[in-house]
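Student: The residues making up each chain are set out below.
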Amino acid sequence: MATASHQRQRSRRRPGARFSAFGLLRQGLTRADWPRVWRHRDLAGSYDAVIVGGGVHGLATAYYLAKNHGMHNIAVLEKSYLGSGGSGRNTAIIRSNYLTPEGVRFYDRSVRLYEELACDLNFNVMFSQRGHLTLAHNDSSLRTMRWRAEVNSLEGVDSRVIDATEVARLVPQLDMSEHAHHPILGGLYHPPGGIIRHDAVVWGYARAADALGVHLHQGTELTGIDVVDGAVRGVQTNRGTISTPVVVNCTAGWASVIADMAGVGLPITTFPLQAAVTEPVRPFLDTVVVSGSLHVYVSQTARGELVFGAAVDPFPSYSMRGSLQFTESVAGHVLELMPALSQLRMLRQWAGLCDMTPDFSPVMGITPVDGFYVDVGWGTYGFKAAPVAGETMAELIATGKTPDMIAGFDLARFADGRLVGERGAAAVGH
Amino acid sequence: MLISCPLCGPRDATEFRYVDERRQRPDPEQASPQQWRDYLYVRANPSGPARELWLHRSGCRQYLFVDRHTLTNEVQTAALARTEGTR
Amino acid sequence: MTSSHRLPPQPGEVIDRAQRFTFRWNGRPYQAYAGDTIASALAASGVRVLSRSLKYHRPRGLLSADFNDPNCMVTADGEPNVRAAHRLVSPGMSVSSQDTWPSLRFDVKAANQLVGRFLGPGFYYKTFMRPQRLWPAYDKVLGRFSHGGYAPTAPDVDRYDQRYAHPDVLVAGGGPAGMAAAVAAADAGARVLLVDEEHHLGGHLRWADAEGLEILRELRAAVQAAGIEVMTDSVVTGRYDGNWVSVLQRSVPGVRERLVKARAKHMIVAPGLIDRPYVVGGNDLPGVMLSTAVRRLVNLYAVKPGERAVVLTANTAGDAVAADLGRAGVDVVRVLDARQDEDVVRIVGRSAVRAVECSDGAVVDCDLVVTAIGWTAPLTLATVSGGRAEFRAEAARFVPVGLPDDVSAVGGIVGDGSTDQLMEHATAVGREAARRASHRAVALAAGVPHARVTAPADTPAVAIPDLRPAAHPMLSLGRTDGIVDFSEDVSAKDLKSAVREGYDSIELAKRYTTATMGPSQGKLEGVNSIAAVAAATGAGLAETGTTTGRPPYVPVSLGALAGRSHQLLRRSPLQGWHDSHGAAPLYAGSWVRPDHYGDPAAEVQAVRDAVGIIDVTPLGKFDLRGPDVPDLLELLYINKWRKLGVGSVRYGVMCAEDGVVLDDGVTGRLGPEHYLMTTTSSGAEATYDWMERWLQTERRQWRVHVTPVTSNYASINVAGPRSRELLARLTDLDLAPDAFRYMQVRTGAVAGIADCVVWRIGFTGELSFEVHVPAGHGLHVWKALLATGSDLGIRPFGIEAQRILRLEKGHLIVGQDTDGLTQAYGAGLDWAVKLDKPDFAGKPELVWQQMRDDYLRLVGLQPVDGAVVPPEASQIVEDGTRIVGRITSSRMSPTLGHAVCLGLLAPHLSSAGTTVTVRLPGGGSIQARVMPELAHVDPEGVRLRG
Amino acid sequence: MASLADCTSMPKVLVRASPDLGDSLGVHFGLSTRDSSGALVVGYGYGEWLVLDAPDPVPDVIQRLEATPYDGLRSVIDVTHGHALLRLTGADTADLLSRLCPIDLSDDVTPNGAALRAPVGGLGVALVRDDVDGERSYLLVVDRSYAESLRDMLVDAGHEFGLAVAG
Ligand SMILES: Cc1cc2nc3c(=O)[nH]c(=O)nc-3n(C[C@H](O)[C@H](O)[C@H](O)COP(=O)(O)OP(=O)(O)OC[C@H]3O[C@@H](n4cnc5c(N)ncnc54)[C@H](O)[C@@H]3O)c2cc1C
Ligand SMILES: NC(=O)c1ccc[n+]([C@@H]2O[C@H](COP(=O)([O-])OP(=O)(O)OC[C@H]3O[C@@H](n4cnc5c(N)ncnc54)[C@H](O)[C@@H]3O)[C@@H](O)[C@H]2O)c1
Ligand SMILES: Cc1cc2nc3c(=O)[nH]c(=O)nc-3n(C[C@H](O)[C@H](O)[C@H](O)COP(=O)(O)O)c2cc1C
Ligand SMILES: [Zn+2]
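Protein chains in written order, with the working numbering: chain A, 1 to 430; chain B, 1 to 87; chain C, 1 to 946; chain D, 1 to 167.
For the record, the hints were derived by calculation from the structure and aren't laboratory data.
Be a bit skeptical, because a hint or two may be false.
Below, computed lysine-lysine pairings styled on DSSO-like, alpha-carbon distance capped at 30 Å [what the hints assert, rightly or not]:
hint	chain 1	residue 1	chain 2	residue 2
1	A	K79	C	K837
2	C	K643	C	K837
3	C	K109	C	K493
4	C	K261	C	K126
5	A	K67	C	K126
6	C	K640	C	K834
7	C	K493	A	K79
8	C	K126	C	K493
9	C	K55	C	K126
Full structure from sequences and hints, please.
Tutor: And the structure:
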């Protein structure tokens, strides 16, 4: 412990520790190493809170607990490397054009936090607000888009239905012919939406949480939760036991497994979600393009690859191997939208796990077990929610009061029959 | 992934539709809201052996009870739902 | 330009000197022979620089001279990212370098080299943060660091294709090991598919000595004799659950690329080994090549790769390459033997190799540096199959272990030995593969009722001779810093500094530096990346481990993955008529339907005033038979069915178990135990699954046969005040109002066609008859109706007119006027829900809903200003911004002359007479009044009962 | 060489009963046979038989069904109009179908007489191997609304085999 805090002191004071153009220049000239982004720590015997899952949600929750509420004696347990779950393998779409007013408000707060995140964390997360375009191929999707646009604008979110001409102007590669099987009638355009460097968000939160004294434990797997008289007492891990009154489940695809350790059942099913990238080509696509009817979305990263995603796999699984079927259908659908891309080559496909809920909304807050909190049910859309989820979960854990912003996402809503209707905006859009 | 349909033989998973976990419908007259909504929404979602209901959609159109490992996707057994346990 | 570097004919050459032609490189003409790759033809003309590197835009030349070569991505005839060292050049081909400006030789971005020290790994994470408003500009600048060619803009005229295959044994790799395994498997009776990425079978034997070439000839003959299906210029790209193997087949006549999807009973991986680059200063200069690259150039393409060569060798491949160079007339000025602790310290040069600094201090001038410092096993196919990569320190490479039963490995990927030893091992593995495949075939066929696959004699497993990697010194990172990942421009130093910064596992270091994330996906740079990370952490390579291998093994075109695009469209037998009569097509789910025939309002008018006909074939239709059908109907629908008499029909609504409205439709009783059910078009499939689910799982004792008959009938709705008059002219059925009442069904002949089912219902709100005609006669009846009704003012009408008509009548559309949370009471179906039934799907939820009053309700609405039609999805608000409902359907009613709507409204606003505020898209708002009924036209139902 | 013929107008009758009746009808799911009246009886599903080319008035198989003592439910439904029926004949037809259908059509797995339901080009199709005078031949039964789609796909896949289209 002594060495750890010593290190912390050093790293806080060390010149050049802050990232900036100037720091970069100095580092380049002196060729000195940058300080470590985060440190290895010994597992302490007790923490005020143990956060399970070193993805963006766990890390953001830890960061805001430390930063906003002064809770520093907390640990994040990650069975593999930081960001190895959905946070390291998602297609990084950020947007707030959801369907329900609760949803729109919630995601809008997240987008605003993301806009300031680079400065807040002193880590460039490269949030590229290049615009998000959902295509309408039939009247019913146009209708849902109008609905979304209306709710969005009532909530002050920039989102509007555009016609085919404007779609063609934004994305000239699209096949706009009327005789396409999925003709493009228009779209929902959301200028503040975009993509982000997902790994940078993870690393930035981790670095900032570490600097505030949070212990990040990679290679540390939760294996059991001790519940006595309906309250959390501690946890077991592959590296030893920890006593703690608070366990926060931030394990997304593995949420049910962790909740089961506390005896809590969840309305969640784990489905793989696959993605793929092509070889890089010169930049030509600067809008995120989504087609709900075709179950596909495309964006081009700063490196030039096209990133493809789709809807979740058709059956639940904890396997992340991926399927050929996915690549065939995603390629087919991309070419239906942009036929000129047939010579581009798919470079790599991968899969991640998604914790799907019946109403495409998260499950956040308290559970029947005292001290056991959930921040799960993030499905295919949770990356964009990390800042606001971390902020509100931290507030709940620190104050014991559920913030209004997330009151509707409570676990009890299922037993009460109060589902949130986000299916129409979240099924493929991410 | 292959599923051995008891009628058609082994076929690719894309021919089938995953329906749900295999579960018991509570008596609708007796069920409390909590029980009924557990049935509607809460899932075991195991990482490991799972008992599931599938439909051989592009084949014989029969519902199957499938025992599958959700980490390896290996199917242990697939039985006709309509006769399982009756013979 | 002439081929100044072409050697005299070589024994194993693959070029055809009889066919010589011209192609273009960056606009200038060059000569090539048939069989040349783009790169070999350019090398033969002395072209050394093929590309510029990603970050620093350093000049780059051939490195591995095969598909994986990171330095020779070019654009060929408009196709970006073509592998110049693999793609065969063709007459007139136009090839150009990528991402170089203004030219390959003078590239302004090479200036990045000067600031290189500031562009360390992840430099962009550390800057450009302030001021925040400038970030979009930075964002654009960073985009310039992307590499690659231009995405084509014109549609691709080439054909792509797919096919399935069912080999017993699929062999990935056609070197000596793969060929021997394939032959052995085929000899043992297996159907074998042998795939090789290169244009010819043979692997490394293609550049072997005379003895090796003789073995190759024999092997090729044996492959042919064994009846093996061979695919060259084809790659095994992936292996998925269930030995589902994807093969990308190129060089297929008439097809650019074909994806073969093989259900292999056994797969043998035989990809050989990859020559590993040496990481040392200057290792990316043009003129630094791997031994295998040089051997290819000399032996396959008869190209002299340089004039003065220095060879760094740690194995026999290095010795062999020195010999090749000697024969080719290259002056081998120095051979450094790593086994004798000789080493290259640094390679010097600016745009090409000029000299080598040797470990003994000598500086040797040269224009070619060849390295043979060790092998990398391409393990992706093995690891995606479930195997693991295990590091063998003594052999300085990873090997595959833990393969599943239906996958094996042969050849260099497993171990080393003489060609005989490799082939002996491969032969045994091939025989064993055939044995396992035959057992697998029996297991697979066991459940197939018609299969006649006989069990093979129970032979014992074939003994597999030992094959292990030979001892090899570990060479990877040299004494100076060099490039590890050529595609990504990542050096060993970059990786080490990333580790020191905290990205201290192989996965984090990969993501932070992007090493192994480029087109070769670690084939060349994987082990060197691991070595660099290990060097910085102090751990061994075994402990450091590999990154996760993923498909595809090599990048696959989207065209091949997509295959042919087929439009799967359902068409009614009348669709041809609609097409030829000006119908605007509407794609609704899987069906194409007539939206309208030009004037929907006039179509509406015809139905209200005279008679219209609409093709409603896509309506889901199910034939239900058996004594327990009433039980099924009682269970599925929220309303009651037991008392439905023969000859009657009834409208019903189905809910899911959560009480949410699922589907609606009309079901009629045709006979004592015979019913016909209709569902919505889009809900037909799901309803069928839903019914069968009950019958096959929960109510297995019920005697009911549900048979889908949607396509058995062409369904025509004849609607309007004169529909009876019209139909009477074509049928003997008694249509008199008392004889054939509203909500009744009759069976008989229409227009001479027997066995038509006619029911009197009224979705449009008019007197109407729905006629279900045996599909093959549908067109006849359709035409007969039009001809017979011409004097009555008949018009065909489409979906749009039907939507208006039903909205005027206040009939809801499930999924439009309801959403994923609308339970039956919310849809205004109070009258239908029968909670006194013992059980039906969703009942508990409806019991509870009925006790609440906190849900949106479907109501009829009319704007106060009847001229304004609020678009569907307009929100209904209170206090300016609080959403209290929305318009779900809206149209201008041609019948009433003002706008009519349906909407979902909060309970406190849903009583008749309330005025609500509807916000219009794009600003502004209007007032609308809640109507007493959903129906705007004829709420009493006089017309349809007429 | 391969040829494609449209046989949609051929009578088709769906018979449903207990699968146990397969013995008395002479055929079970997965196989097909010709009954004494010349009708092709296809074991089509769980307790389902599709009778193709049934002669008028009543094919032998249905008489036999009616004669079999059995107290369960039995249904006989005319589905002539509900399905399109295509016949694909020629030595190359297995190869041609391998472009569209994932089933192993080799002689040992799918011999003459085999009947199965499987995707063909993504459509649900009943496939019956029904060789004609020793020449490889397949019957494809598909929902009538998809007839054009299936035919287009077969014609497209048939290009390289010189597929001749009749009718
Ligand atoms: C392919 C794909 C594309 C996506 N695209 C988008 C998108 O465009 N936009 C968007 O907003 N969202 C997207 N998502 C969803 C998003 O990635 C997730 O919702 C989000 O990353 C969840 O973050 P998390 O921190 O909750 O979970 P994760 O990042 O999954 O972290 C959970 C962590 O818990 C760890 N863990 C599990 N069990 C244990 C244990 N017993 N002990 C210790 N640690 C454990 C795991 O190793 C993992 O690292 C996508 C997801 C995928 C898979
Ligand atoms: N390379 C040499 O110069 C050399 C010299 C002497 C001995 N050897 C040893 O002999 C070994 C035995 O030969 P071998 O038969 O194992 O290898 P090989 O290198 O001779 O042949 C492997 C073949 O597999 C092909 N291939 C690789 N991945 C593929 C894929 N995914 N799909 C299709 N094709 C693919 C390659 O194109 C190559 O032709 C060598 O690996 C090495 O150990 C090699
Ligand atoms: C937005 C995004 C872009 C990616 N781009 C690349 C890429 O250019 N090259 C690459 O090899 N992998 C790329 N990947 C995939 C990763 O290499 C990796 O497959 C993914 O993080 C999942 O991890 P795993 O494959 O190790 O399981 C990308 C992933 C994401 C989420
Ligand atoms: Zn089946």
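Student: Hints numbered earlier in the text: which of these fail when held up against the supplied structure?
Tutor: Hints 1 and 4 not satisfied by this model.
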